[in-house]
Amino acid sequence: MRSFEQHLQEFETRGIAIAAISVDSPGESRKLCDAKGYTFPFLSDPDAAVIRQYGLLHPKGGPDDHDISRPAEFLVDPSGTIRWVNLTDDIRVRARPEAVLEAINRLPAL
Amino acid sequence: MQRSWNLPIWIGFVIVVIALASYIPVFTQFAVTRDFPWANYLLLLIGGGALAVGLRRAYRDPLRYRGKISGTILGAVSVLLAGFFVFFIVYLGKQIPSAESALHTGQRAPAFTLRNADGKQVAFSDLANNHRAVVLIFYRGYW
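Those protein sequences? They're chains C and Y, same order as listed.
Counted from 1, the first sequence has number 85 at position 85 by my numbering; the numbering is strictly sequential.
Counted from 1, the second sequence has number 52 at position 52 by my numbering; the numbering is strictly sequential.
To be clear, the hints were calculated from the coordinates, so they are not data collected in a lab.
Any given hint could be a false lead.
No farther apart than 35 Å at their CA atoms in a straight line, the calculated lysine-lysine pairs in the DSBU-like style are these [unchecked claim]:
#1 C:Lys36 - C:Lys60
#2 Y:Lys120 - C:Lys31
#3 C:Lys60 - Y:Lys68
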């Protein structure tokens, strides 16, 4: 997240919006954004409905057996077509902004 | 005869504690030290080495050096802590469901409307408006 925040200008220049999604409530997201200085939107999917639709449900992955999202990054064009996906198999290893920017450059006509 | 403090034991233990406590606040901030935690493994090796040196002389020369008991306890605690760290890195962090069911490139991303950190409704179309594409970062939450 921090590295995406640092590259935010670069994404914005290329016309790419960024948003984060988790089961956290808006209040928890507010705390996180204030603490870490994140300025892009953090969206709240408390019952994991959207997370489930994207096939990312990690059943009982959170505290008290709460369902959460597995980590993943999607690049979606305005028509709603997925253009690039990164699915990690390790919660510590996430997509680097450089990799996403590269994927954006490789795409034929967004 | 006054036995001298066995400093390497204590220094080694402090380095081991630093090695483990620093991963999340410091080394996960940078992809090079996060994806493979070599900086922490290196610190663990240095701390473990110092502990080994201290323990060795505590047992070889107990008349001159303290540390047989404290060194054994600190050494055992260090091994336990380091063991848990490695267990987290190589096993726990990988306990996520398979990505097979996840949507893939070329598929249609379901539209959504969710509340942002200020409680306001934000639709996918709001994000995509005036943009070439949107990066959606799904994360575990509960930070």
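Of the hints given before, which are not true for this structure? 3
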